[in-house]
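*Asks:* If you want the building blocks of each chain, they are given just below.
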Amino acid sequence: MRSSIGLIALAAVTIATAAGGQAFDEAKYPDWSGQWRRPADVGNQWDSSKPARRGQQAPLTPEYQAIYDANLKDQAEGGQGTDPTYTCIPDGMPRAMNVIFPMEIVIQPNITHIMIEYLSMLRRIYTDGRDWPENAEPSFMGYSVGRWIDEDGDGRYDALVVETRNLKGPRAFDASGIPLHADNETVVKERIYLDRADPNVLHDEVTTIDHALTRPWTVTKNYHRERSPIWLEAICAEGNQHVRIGAESYMLSADGHLMPAKKGQAPPDLRYFNQSRK
Amino acid sequence: MLRRSLVRSIALAATLLMIAAGAQALDETRYPDWSGQWLRTGGIQWDPTRPLGRGQQAPLTPEYQVIFEASLADQAAGGAGNDARYACFPIGMPRLMSAIFPMEFVFSQKVTYILFENNMPRRIYTDGRSWPHDPEPTFAGYSIGKWIDADGDGRYDLLEVETRYMKGPRTFEGSGLPLHKDDQTVVQERIRLDRSDPEILHDEITTVDHALTRPWTVTKTFRRERNPSWLENDCSEDNHHVAIGKENYFISADGHLMPTKRDQTPPDLRYFRQSRK
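Taken in order, these protein sequences are the chains called X and G.
Every letter in the first sequence is one number past the one before it in the working numbering, and letter 130, counting from 1, is 163.
Every letter in the second sequence is one number past the one before it in the working numbering, and letter 202, counting from 1, is 211.
Treat the hints loosely; a few may be bogus.
Covered stretches of chain G, as calculated for chain X (at least 3 residues, CB under 8 Å) [said to hold, decoys possible]:
(1) 126–137
(2) 142–153
(3) 228–240
Have a look at the derived ranges for each label pair, beta carbon to beta carbon [as the list claims (entries may be wrong)]:
(4) X:Ala60 with G:Gly163: 21 to 29 Å
(5) G:Thr222 with X:Lys295: 34 to 42 Å
(6) X:Ala60 with G:Gly161: 50 to 58 Å
(7) G:Glu213 with X:Ala60: 35 to 43 Å
(8) X:Ser261 with G:Trp156: 35 to 43 Å
(9) G:Ser238 with X:Ser82: 34 to 42 Å
(10) X:Val75 with G:Glu234: 34 to 42 Å
(11) G:Gly137 with X:Arg248: 49 to 57 Å
(12) X:Ala60 with G:Leu61: 31 to 39 Å
(13) G:Leu48 with X:Pro84: 42 to 50 Å
(14) X:Val75 with G:Ser238: 29 to 37 Å
(15) G:Arg63 with X:Glu271: 27 to 35 Å
(16) G:Glu145 with X:Gly111: 50 to 58 Å
Straight-line distance between alpha carbons at most 27 Å, and here's what the computed DSS-like set of lysine-lysine pairs gives [stated by the list, open to error]:
(17) X:Lys296 with G:Lys255
(18) G:Lys119 with X:Lys61
(19) G:Lys155 with G:Lys255
By construction, these hints were calculated from the structure, which means they are not laboratory data.
Ideal placement from N, C-alpha and C gives every residue a C-beta, glycine not left out.
Construct all of the structure, not just a fragment, from the sequences and the given hints.
*Replies:* Here you go:
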């Protein structure tokens, strides 16, 4: 009888090795498949639990509060303020996790990809235990190192803890232009996990450490799952009516002409056209 | 009797373990190793074996040859011709597979993803689905693939893909080699590792399009970098091209609008005149 049990155990080990030896054991990872969307009743502000703009009560330093106030004034006049994305550059981190357009999370043993349906906003979160790279090229999405955690000890990971560094700018927290520091030394820490009661809700607790802030700023983003998704392309350049010329932003009219974005805005300097017509 | 029950027990254990270990898992041993970063070999032209532009000898219909010639003339004068990439539009299929910047393959059970540094990912559905009814067209199109074990060794070695439902404007390459504006392009691909060098990947691409007199097949070749550094290549960052109406202008180094063509007229500033009244 003892030999029977031993034989069965041996068979089990052999089969497990054959089936899963080099295979990615999805049973160890949470099911985050499908399409994740921000809730329909949530806007695009950074802290979803608070109103947009000044209502965010961002813990800005006095210097950056002044920059933010100047930005709000510029936006009220029709400008873009400190929101750089009107020219179709990526949101970057942490703003990308606003998930204005849907995202997909693809989990592999050494890397988790987060793909956002906008521009080419792709995050690679390395979970292979690597250190921070030396002299890596900064990027809008930054360099992310993550670690899977089995918080409830059931043998299956349930949280992904991520740290992101090596970012470049310009970046803002949201479209109201809440600024991040120009030194780009931002560090973003995240804890991503499924809701305990509803597996179709994902949470991302995001803490931003930045020299524009007086303290780490933590917000929690929530996403809802669509299990039968349709993926589209959100192409910023397609139909973008904003035009930047030098330091000025203008608009394109419906009939294809340049028009001012602000009252009394001067037209662009056409000096090179004058020269070419001489 | 004991032996029969033992055999049944082993079979049951095996079944249960296969379900537990393999049912939801992607069995990587069945798929080829396409990990790492894939870099193009050769230039940015569509057929890598031929020169860019007219040298491609694209099998264009007479109507689209005229459109191509007009594009070449416009580009020679400083314009962008048919190539909409200057305004940071996605390059779409099949041009995406020129892989101007590096790409990565990610396999899941139902989808093979191709990730790019400067474009949104391609999703190639390998779950046996049919074509969707009336999907929203995209630049990258809708791709259905099938893994094939061509040499019968129990491991897939070939991914066959068909892509439909694209939207435009799209061209084959920067010279403005056009695809038909009806956007009924069908792209068929056969992607596999080189038989003698696993660090080389081939994509045999056949484009069926009403701008062409016949299906046009080219083979793209990529080489692997196993320790990649990934960058971002965002077209809009420091893009000096500006489209105003149907005209393409340029932003000078000192931040002023300038013509891209000799004697190009400046933009119409009628709305500034109205706002200053």
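*Asks:* Three residues minimum, CB to CB under 8 Å: does the region 228–240 of chain G make the cut for coverage by chain X? Let me know.
*Replies:* holds (count 3)
*Asks:* Holds or violated: Lys155 of chain G with Lys255 of chain G, Cα cutoff 27 Å?
*Replies:* 42 Å, violated
*Asks:* Can you confirm whether the C-alpha distance between Lys296 of chain X and Lys255 of chain G stays at or below 27 Å?
*Replies:* 25 Å, holds
*Asks:* Quick check: does the Cβ-Cβ distance between Leu48 of chain G and Pro84 of chain X fall within 42 to 50 Å?
*Replies:* 47 Å, holds
*Asks:* Could one say that the CB atoms of Ala60 of chain X and Gly161 of chain G fall in the range 50 to 58 Å?
*Replies:* 30 Å, violated
*Asks:* Between the region 142–153 of chain G and chain X, are there enough contacts, at least three residues with CB-CB distance under 8 Å, for the coverage claim to hold?
*Replies:* Three-residue rule met by the region 142–153 of chain G, so holds; n is 5.
*Asks:* Indicate whether the distance between the beta carbons of Gly137 of chain G and Arg248 of chain X respects the range 49 to 57 Å.
*Replies:* 52 Å, holds
*Asks:* Holds or violated: 34 to 42 Å for the Cβ distance of Ser238 of chain G and Ser82 of chain X?
*Replies:* 38 Å, holds
*Asks:* Measuring from beta carbon to beta carbon, are Val75 of chain X and Glu234 of chain G in 34 to 42 Å?
*Replies:* 40 Å, holds
*Asks:* So does Thr222 of chain G sit 34 to 42 Å from Lys295 of chain X, Cβ to Cβ?
*Replies:* 53 Å, violated
*Asks:* Take the C-alpha atoms of Lys119 of chain G and Lys61 of chain X, compute the straight-line distance between them, and say whether it is at most 27 Å.
*Replies:* Holds: Lys119 of chain G and Lys61 of chain X sit about 19 Å apart, inside 27 Å.
*Asks:* Can you tell me whether the CB distance of Val75 of chain X to Ser238 of chain G sits inside 29 to 37 Å?
*Replies:* 35 Å, holds
Violated hints, in rising order: 5, 6, 8, 12, 16 and 19; the structure is consistent with all others.
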